[in-house]
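Given next are the chains, with one letter for each unit.
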Amino acid sequence: MDNKNTTPLIISGVFFAVLESLIFTLWYKSNYNTTFFLLNQDWFNSNLFQYLTIVSATTILFLSMTIYLILTRRFKVNALADKKLKGLLDSREMFLKLYESAPVAYLLVSPEGRVHFPNKAALRLLGVKANELEKKPFVDFLDESDREHAQVLIGRATGGSGVSDEEMQIVRPNGEKRWVLLSIFPLKAWIGKGKNGLINLIDITKQKKVDKVKTEFVSLASHQLRTPLSAVKWYAELLVQGDVGELSPAQLRYVQKMQDGNERMIELVNTLLSVSRMELGTLVVDKKKVEAREIVSSVLEELNSQISERKQKVTLNIDQNLPLIDTDSKLFRIVVQNLISNASKYTHPEGQITVSLQKVQENLVFAVVDTGIGIPADEQEKVFTKFFRSSNATKGSVDGVGLGLYIVKQVMEVLGGSVSFKSEEGSGTTFTATLPI
Amino acid sequence: MNKILLIEDDKDLAEALEIKLKKADFEVTIAYNGEDGGKIAFSDKPDAIILDLILPGGKDGIDLLKEIRADDWGKNVPILILTNMDDIKHISLAVEHKSNDYIVKSDTTLDEIVVRLKDRMHI
Numbered sequence: 028m029d030n031k032n033t034t035p036l037i038i039s040g041v042f043f044a045v046l047e048s049l050i051f052t053l054w055y056k057s058n059y060n061t062t063f064f065l066l067n068q069d070w071f072n073s074n075l076f077q078y079l080t081i082v083s084a085t086t087i088l089f090l091s092m093t094i095y096l097i098l099t100r101r102f103k104v105n106a107l108a109d110k111k112l113k114g115l116l117d118s119r120e121m122f123l124k125l126y127e128s129a130p131v132a133y134l135l136v137s138p139e140g141r142v143h144f145p146n147k148a149a150l151r152l153l154g155v156k157a158n159e160l161e162k163k164p165f166v167d168f169l170d171e172s173d174r175e176h177a178q179v180l181i182g183r184a185t186g187g188s189g190v191s192d193e194e195m196q197i198v199r200p201n202g203e204k205r206w207v208l209l210s211i212f213p214l215k216a217w218i219g220k221g222k223n224g225l226i227n228l229i230d231i232t233k234q235k236k237v238d239k240v241k242t243e244f245v246s247l248a249s250h251q252l253r254t255p256l257s258a259v260k261w262y263a264e265l266l267v268q269g270d271v272g273e274l275s276p277a278q279l280r281y282v283q284k285m286q287d288g289n290e291r292m293i294e295l296v297n298t299l300l301s302v303s304r305m306e307l308g309t310l311v312v313d314k315k316k317v318e319a320r321e322i323v324s325s326v327l328e329e330l331n332s333q334i335s336e337r338k339q340k341v342t343l344n345i346d347q348n349l350p351l352i353d354t355d356s357k358l359f360r361i362v363v364q365n366l367i368s369n370a371s372k373y374t375h376p377e378g379q380i381t382v383s384l385q386k387v388q389e390n391l392v393f394a395v396v397d398t399g400i401g402i403p404a405d406e407q408e409k410v411f412t413k414f415f416r417s418s419n420a421t422k423g424s425v426d427g428v429g430l431g432l433y434i435v436k437q438v439m440e441v442l443g444g445s446v447s448f449k450s451e452e453g454s455g456t457t458f459t460a461t462l463p464i
Numbered sequence: 530m531n532k533i534l535l536i537e538d539d540k541d542l543a544e545a546l547e548i549k550l551k552k553a554d555f556e557v558t559i560a561y562n563g564e565d566g567g568k569i570a571f572s573d574k575p576d577a578i579i580l581d582l583i584l585p586g587g588k589d590g591i592d593l594l595k596e597i598r599a600d601d602w603g604k605n606v607p608i609l610i611l612t613n614m615d616d617i618k619h620i621s622l623a624v625e626h627k628s629n630d631y632i633v634k635s636d637t638t639l640d641e642i643v644v645r646l647k648d649r650m651h652i
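Protein sequences appear in the order of chains A and B.
Under our numbering, think of the first position of the first sequence as 28, with each following residue one higher.
Under our numbering, think of the first position of the second sequence as 530, with each following residue one higher.
Don't read these hints as lab results, they were simulated from the structure.
There may be inaccurate statements among the hints.
Restricting the straight-line Cα-Cα distance to at most 25 angstroms, the calculated cross-link-like pairs of lysine to any residue (SDA-like) are [to be verified]:
1) B:Lys618 with B:Asp636
2) B:Lys618 with B:Asn605
3) A:Lys357 with B:Gly587
4) A:Lys314 with B:Asn605
5) A:Lys284 with B:Ser621
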């Protein structure tokens, strides 16, 4: 209990005692009209004696009450303080238990980068005992190639700026390496002066291995599937072009059908590989200044036979003064190709397709409007999910695997743009891809 | 007649391409692995090399590319990588070691390969 709490009580106690004495003195004077200090009178029977007795008794009463109030208050405050202290001790104990037994590795580093208070998970991850770690430089437990960078990060974190999710390799005393995600949170000094860092290490060795296996599988599958497809492609080409002798018209037609089937298979393998790369994050974006109009023209040329065969009418609405856009032409081409090809596939023969390319504020807006079968309203939220095929498309036996729009969405996100659509079943669909210029 | 060294481990693919190259008036030698490819390259000194990346034996396409580019004769010989590996790692390695072209087999017709070969050989 501090002075601030007792001082008003003491002051008020003394104040009331003095006030009471003054009031009683005035009353006494007005009633007995006598002079104090008349020592020749019988002292014990004198009015003065009665007066002093009453004043003393009431003063003692007031002062006792004040002391009582002060003491009771002090006890209450002491009890509260005890309760608070217990709460703090409980929280501290709970925190220490959590810290000690957390499945994630935690340790503290001083501004010089020395380790303090490693928890059990940190000892397990680093493969050491507590005394082998305490006060040792943290970077000593990292792969040599990561040490310099880690020291910079520790300096940054103990200077006040946090560091998160830096991939590094730690090296255990037995030489085993583990991949970790390193984060450092600045902390008020627990040790010495200045700031310390709370290091958090997450073991990602398993994920790294899985990623590697997946990447290798994708690479292997790409090679293994494409080799026989290449053989069919090239031998069919030799046959169709008569490089190994003339074919009869029927033979030629059948070989061409094999060629078409093989091309579809190659496209499917390429699509699956693109999806895997996107999911693995290994799709590389190579941005350059690109003429979007040229990409659209070349895709339309490529799809010309498909569109003409279905006797569809294509209307172009392309801004002739479009600026160059900073994007990856191969990836943007995938978007354009998928959206126009879909419009043709899902629009009835003799239907209408409008392709537009416009600058709207600081964006390039590419839109494809068709008069096709549309997408049922209750299926629209799934349009950009993997392997989605609308029920009316499946019923209509339109070829497809349901990856095109998934890829379009992923690619647009990688390019920093977006894609949206409006559709009405039986009337048509509009897809709009927007890219910042 | 221009001499072409085709280093390709898949015999079917090598045969199809050989037919097309001969039709285009090239003299074609085929090596089915990296070791043989290297030996033939340095002994025959062809006018251009078509090189697969994944090859059996101890030497793959990138090893051979490095070896040939390190040689005086090999510095300027057109080398076209012909592979089905189209991941960024392989493409980057091929570019880093100065291949003249990078062709993905399943995406390219034989006619296109001949056109690109002639283009790289300036004929």
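Checklist entry - Any hints this thing doesn't respect? Which numbers, in order? => result Hints 3, 4, 5 are the ones this structure does not satisfy, whereas the remaining hints hold.
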